[in-house]
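Colleague: One letter stands for each residue in the lines below.
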Amino acid sequence: MAYDYEKSIRPGKLPHIWCPGCGHGIVMKGLIRAMDTCGLEKNNTAIVSGIGCASRMPGYLDFNTLHTAHGRAAAFATGVKMAKPEMTVICCGGDGDGAAIGGNHFIHACRRNIDMTYVLLNNYIYGMTGGQFSSSTPPGHLASTTPYGNPDPAFDLAKLAIGAGATFVARTTAFHATQIDKLIVEGIKHKGMAVIEILDDCPTTYGRRNKFRSVVDMMKRLKDIAVPVTAAAKMTAEQLEGKTLTGVLHKEDRPEYCETYAKIIARVQGA
Amino acid sequence: MSAKAEIEIIDAYCKGCSICVEFCPTKVLEMDAFVVKVVNADACIACNQCELRCPDFAIKVHKL
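Residue numbers (the numbering used here), protein chains in the order written: chain A, 1 to 271; chain B, 1 to 64.
Rather than coming from a laboratory, the hints here were simulated on the basis of the structure.
Be aware that one or more of the hints could be misleading.
Stated by the list, open to error - Just the calculated beta-carbon pair ranges, DEER-fashion:
id	chain 1	residue 1	chain 2	residue 2	range
1	A	Glu252	B	Ala33	51 to 61 Å
2	B	Asp11	A	Tyr3	11 to 21 Å
3	A	Ile265	B	Lys4	34 to 44 Å
4	A	Pro147	B	Lys37	34 to 44 Å
5	A	Asn43	B	Asn48	53 to 63 Å
6	A	Ala266	B	Asp11	53 to 63 Å
7	B	Leu64	A	Gly149	48 to 58 Å
8	A	Glu241	B	Val35	35 to 45 Å
9	B	Val39	A	Arg221	26 to 36 Å
10	A	Thr37	B	His62	14 to 24 Å
11	A	Pro139	B	Lys4	39 to 49 Å
Where is the CB? At the ideal position from N, CA and C, for every residue including glycine.
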């Protein structure tokens with residue numbers, strides 16, 4: 001039998017609204033398989049998102065879901081986790097939502113090391129709002145608000161998360177479908193802030209402006225730029241030019257925020 | 001060679017992105033107007049690549 005995705009999707013919600021070839025569907029499949037592998041129960045799992053194409057995901061998933069204000073997924077998820085620390089909290093959102101408009105909430109959730117999994121879909125653009133450039137649009141690339149080329153350097157979102165203090169940071173692409181669920185499983189099992197950056201394609205607002213002839217071209221690009229961290233250790237700087245590292249980029253143990261907070265409550269009430 | 005799996009395509013979900021056609025290693029699938037169809041069912045090796053990469057939940061690979 002084929003894998004039954006529909007048991008985790010709200011009845012009547014398919015087909016979804018994402019454009020033909022948008023990788024968000026591939027990532028959502030990976031997320032469903034990962035949650036299944038971890039044995040998460042629908043009543044004990046919260047999926048939180050902000051606004052944007054990627055943030056439509058909780059609308060389809062049949063779990064406890066929150067579709068919140070633009071960029072505020074991490075803030076709402078922090079509230080859910082603090083109120084119900086026994087719940088598994090998963091955030092999902094795009095680069096524009098999570099790392100540009102919600103960049104502030106994102107870095108502070110990383111700094112606190114609160115136990116949640118942030119699935120960050122990086123499609124290099126604000127897709128839903130009309131193709132404006134985001135903080136991860138590569139320099140020189142075209143967006144609706146940078147018709148002569150983007151003058152800004154791009155964020156490396158995984159490095160941003162590591163720098164801000166996330167204790168599990170991994171990266172993969174929508175092309176590497178089986179790696180998506182493996183990394184999300186590791187992220188869910190990790191105690192602390194786990195950020196999984198997934199490079200994605202947006203054929204409608206990014207691809208057609210930047211001379212990608214088809215969805216398949218965008219997928220091939222994702223395949224070409226990805227280099228596993230283990231393979232990269234044996235490569236020269238020239239060979240790594242234009243490539244992106246994938247796999248688990250960072251992992252450390254640090255006290256988790258809810259536990260630290262519970263200890264403070266116990267100490268003060270006990271005194 | 002006999003088929004290792006039966007591929008089910010849900011036409012109502014398929015948006016015709018052709019990712020599955022491109023990445024099928026044995027060229028089982030082909031585009032028919034805007035919907036994918038199975039043209040070479042016997043060549044299927046049940047690798048599941050089309051199902052994994054279908055963003056639209058339109059392909060189900062039933063292993064035989």
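Colleague: Next, verify each hint and record whether it holds.
Modeller: Verification of the supplied hints:
Here the CB-CB span from Glu252 (chain A) to Ala33 (chain B) is close to 52 Å, well matched to the stated 51 to 61 Å. Remark: the range hint 11 to 21 Å for Asp11 (chain B) to Tyr3 (chain A) is upheld by a beta-carbon distance near 20 Å. The hinted range of 34 to 44 Å is not satisfied by Ile265 (chain A) and Lys4 (chain B), whose Cβ atoms lie roughly 57 Å apart. Here the CB-CB span from Pro147 (chain A) to Lys37 (chain B) is close to 40 Å, well matched to the stated 34 to 44 Å.
At about 30 Å, the CB distance of Asn43 (chain A) to Asn48 (chain B) disagrees with the hint of 53 to 63 Å. Judged by the Cβ atoms, the range 53 to 63 Å given for Ala266 (chain A) and Asp11 (chain B) holds: they are separated by roughly 59 Å. Look at Leu64 (chain B) against Gly149 (chain A): about 52 Å separates their beta carbons, and that is inside 48 to 58 Å. Restraint check, Glu241 (chain A) to Val35 (chain B): a C-beta distance of roughly 40 Å satisfies the suggested window 35 to 45 Å.
Range check, Val39 (chain B) to Arg221 (chain A): Cβ separation about 27 Å, and the 26 to 36 Å hint holds. For the pair Thr37 (chain A) and His62 (chain B), the beta carbons lie near 21 Å from each other, so the given range of 14 to 24 Å is met. Distance hint check for Pro139 (chain A) and Lys4 (chain B): the Cβ-Cβ separation is about 46 Å, which falls inside the suggested range of 39 to 49 Å.
Checked against the numbered hints given earlier, this structure breaks hints 3, 5; the rest are met.
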